[in-house]
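Asker: Given the coordinates of chain A, work out where chains B, C and D should sit on it, guided by the hints.
There are 4 protein chains.
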Amino acid sequence: MTTQALSTVIDDLVLASRILADQGVLDSFGHVSVRHPGNPHRYFLARAMAPALVTAGDIMEFDLDSNPVDQRDRRVFLERFIHGQIYRARADVNAVIHSHSPTVIPFSVTQVPLKPIINTASFLVAGVPVFDVRDVGIVSGLLVANNALGQALATTLGNKHVALLRGHGDVVVGPTVQRAVLRAIYNLVNARLLATALSFNSPITYISADEAQEPVRLDDAWEILKRKTMGT
Amino acid sequence: MTTQALSTVIDDLVLASRILADQGVLDSFGHVSVRHPGNPHRYFLARAMAPALVTAGDIMEFDLDSNPVDQRDRRVFLERFIHGQIYRARADVNAVIHSHSPTVIPFSVTQVPLKPIINTASFLVAGVPVFDVRDVGIVSGLLVANNALGQALATTLGNKHVALLRGHGDVVVGPTVQRAVLRAIYNLVNARLLATALSFNSPITYISADEAQEPVRLDDAWEILKRKTMGT
Amino acid sequence: MTTQALSTVIDDLVLASRILADQGVLDSFGHVSVRHPGNPHRYFLARAMAPALVTAGDIMEFDLDSNPVDQRDRRVFLERFIHGQIYRARADVNAVIHSHSPTVIPFSVTQVPLKPIINTASFLVAGVPVFDVRDVGIVSGLLVANNALGQALATTLGNKHVALLRGHGDVVVGPTVQRAVLRAIYNLVNARLLATALSFNSPITYISADEAQEPVRLDDAWEILKRKTMGT
Amino acid sequence: MTTQALSTVIDDLVLASRILADQGVLDSFGHVSVRHPGNPHRYFLARAMAPALVTAGDIMEFDLDSNPVDQRDRRVFLERFIHGQIYRARADVNAVIHSHSPTVIPFSVTQVPLKPIINTASFLVAGVPVFDVRDVGIVSGLLVANNALGQALATTLGNKHVALLRGHGDVVVGPTVQRAVLRAIYNLVNARLLATALSFNSPITYISADEAQEPVRLDDAWEILKRKTMGT
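If you read the sequences in order, they're chains A, B, C and D.
Note that numbering that gives the first Met the number 0 numbers the first sequence so that position 49 is 48, with each residue one more than the last.
Note that numbering that gives the first Met the number 0 numbers the second sequence so that position 155 is 154, with each residue one more than the last.
Note that numbering that gives the first Met the number 0 numbers the third sequence so that position 138 is 137, with each residue one more than the last.
Note that numbering that gives the first Met the number 0 numbers the fourth sequence so that position 216 is 215, with each residue one more than the last.
Treat the hints with care, as some may be off.
Chain C is faced by these chain D residues, among others (derived, beta-carbon under 8 Å) [as the list claims (entries may be wrong)]:
1. Q110
2. I117
3. N118
4. A196
5. F199
6. P202
7. T204
8. I206
9. E210
10. R226
11. K227
12. M229
I should point out that these hints are in silico values taken from the structure, not numbers from a laboratory.
In this text, a Cβ means the ideal position worked out from N, Cα and C, and glycines have one as well.
Just chain A, same shape as in the assembly (with noise of 0.2 Å):
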């Protein structure tokens, strides 16, 4: 593990911290972070902070059970047991996003599925768990602050691309952060239109699991979205 490969790892995770916050996933709250590709039992992610203002100076380090391997002064997100637990039980998972993102709440406190209709959302057909912190036994909060909490959502998590937090947000994963942004923001896209297509009161035509595809070209998506995140 070079200097240079690890330095790019942690620019990729600044950017995607940036889109994210450019493309409305997350507001000024939410995380985003990647596995450490020179040890599977490290992972990064900023300090608390706003999404939109990250630099790769607030990037942290953190064991698998959410301690951070040099916190000196610096202030820690609250939740970060959902990037840990989560990176724990998936090894096929290198990239973790929890955002409150309002749009997709509706679907965790009514018995509406959160489905696909757009082709870029197509991810969405392994379903999509709602984790309920009553589920496991919590009666105060609604916030994932303790392992116990990050490993009970991972297990509802289960082997799905995202899951939605009852009342709370949701959490996208992906193999690269480049998908897991991806997914995140056509998550949030689909989560849109289909509350729009409810409200029409008719038939509706979900992607099926056989045309089911996720956008190829990933290359070509992260360069854009880079690109006008940075306005160059």
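Answerer: Okay, now just chains B, C and D, sitting in the frame of chain A:
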């Protein structure tokens, strides 16, 4: 009460005004106040102006009858009586926000109660009364433009954190300006999401009283919003 | 009529155009005019251009048949006839706004009346007629592109403050440009909120005629909007 | 065909791309093309990039099989086949816009037809067919990523001005790039308003075929949008 301590209070009030404008809680109108930390019979409020533009030099001091202590040639908000009367009735309240937030208004003119579906709006489990000037014998105008109306509104608010004003907006209070600002922000987010959830015509899972818990880590949230609003 | 007085009128018209664009009332199209304060048979309107970019040098003078007094090579709005015919029919009106505001259009193509639910839209208690060019024997096009159509629209408007144009937009009038601008802003806010309230399928409490009262303190509101739009 | 004439065409294409981004028709993806004015078997389209950032140097030339004439190391859009096949099928079409406009998608996955309610979307009276790749025997993916699919889409479009792509977006065509741009803008506005009108559960008055009339004064509209987008 040192000059320095007072200056911090004023600075936080200015920041609150700008955060609320940046987050879309306050449009060109609406206002936020704080109780004078050294004199519970006084409060601070900007002169009549757009919230996004408030600076420390725009802050004025009022008594609890909402008379300006030193008006000079400055215009004052017509509805300042909301602030004075709530400070008089509620010793636990040190910050008051009055907004014309469009998002909550549909809940003030229909029979649909504003209840929490997101964890960050848990404070709404206390209930959200609706104030209607007609209920207090006013037949012309809906503004809270004198002390009698301000007092009636304070009575409707009771010991709650939020009251809606029919066809007009809302009032959000808190023990600190930081807490009141976060409540005002999440009150809006919750109202917007609840409106969408209601459109699904599917049973809704509200936040229950026993799981209600206001977000911890207020300092972090305030710092994040501060940096976001100030772009630093 | 001094040059100075005329200059103030023009400056307020320019400001009105920019405020309406800033507040989202006017998109890239739409226009606002004022009656000539020194000659009731003339009015001022910008040449055909985006409202957000209007300057004093773009203002043209028209007679009540909507002929430009001094056109030179400047393009004029196709629907200027709306302005001329309303000034002719309504001696009490000194400002006219024609917008293609999307928000009100659903009320022009359904049977749902546009009625006030917010105090700041109290002026709507007078009623909001819908103008349909088909009702006046026009079968092609929906634009008010000549004096006959302008006159028919003025007849539909009657003594009201707002008329909808079916599938097209609306017209808002006032005794001053400041009053017309505030009405246009709150007409939109009210329409947006009413659409949401309607989606709740719950009885709606409209503003009643006896409690209707237009906002006092117009000067304050104008000053706040001015500073907001100009960023000062 | 002078160099100067070609340069004007390219400049208008660049401007179209930026106007469509500014107006929210094109998100970070989507594309607009024009037929080569000097060779009907060629068309111009930007290399794969965000529409808001396109400059004249980014424009590439393609044949009607959508092979780049001079690719060099530039990435090309995967769905360029849409453009080539429509130019081949429709001699009257000189501009094609493919967007992933969220607003129209609910109409592509429900049984609710996209019909015009606003005058500026009158061109929709011709009808808006929905293209579904499953109808042409494709079971995986929804993208129009080859000539066979492009041709099938062109067949579905027929002699209409707009076709929806199920769960994907739409295609808008016109005799000039200016006309196509205006159609794309008003197609979205109409879809958004129709969605709101549908939520009222009240009969809707659509624009009828005999009153349909596309806006005159195209030059004015283009000039206004140009100045708005360029901020001049």
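Asker: Decide, hint by hint, whether the structure agrees.
Answerer: These are the hints, each one checked on the structure:
no.	hint	in the structure
1	Q110	violated, 20 Å
2	I117	holds, 5 Å
3	N118	holds, 4 Å
4	A196	holds, 4 Å
5	F199	holds, 5 Å
6	P202	holds, 6 Å
7	T204	holds, 5 Å
8	I206	holds, 6 Å
9	E210	holds, 6 Å
10	R226	holds, 6 Å
11	K227	holds, 4 Å
12	M229	violated, 10 Å
Violation of the numbered hints given earlier is confined to hints 1, 12; the remaining hints are satisfied by the structure.
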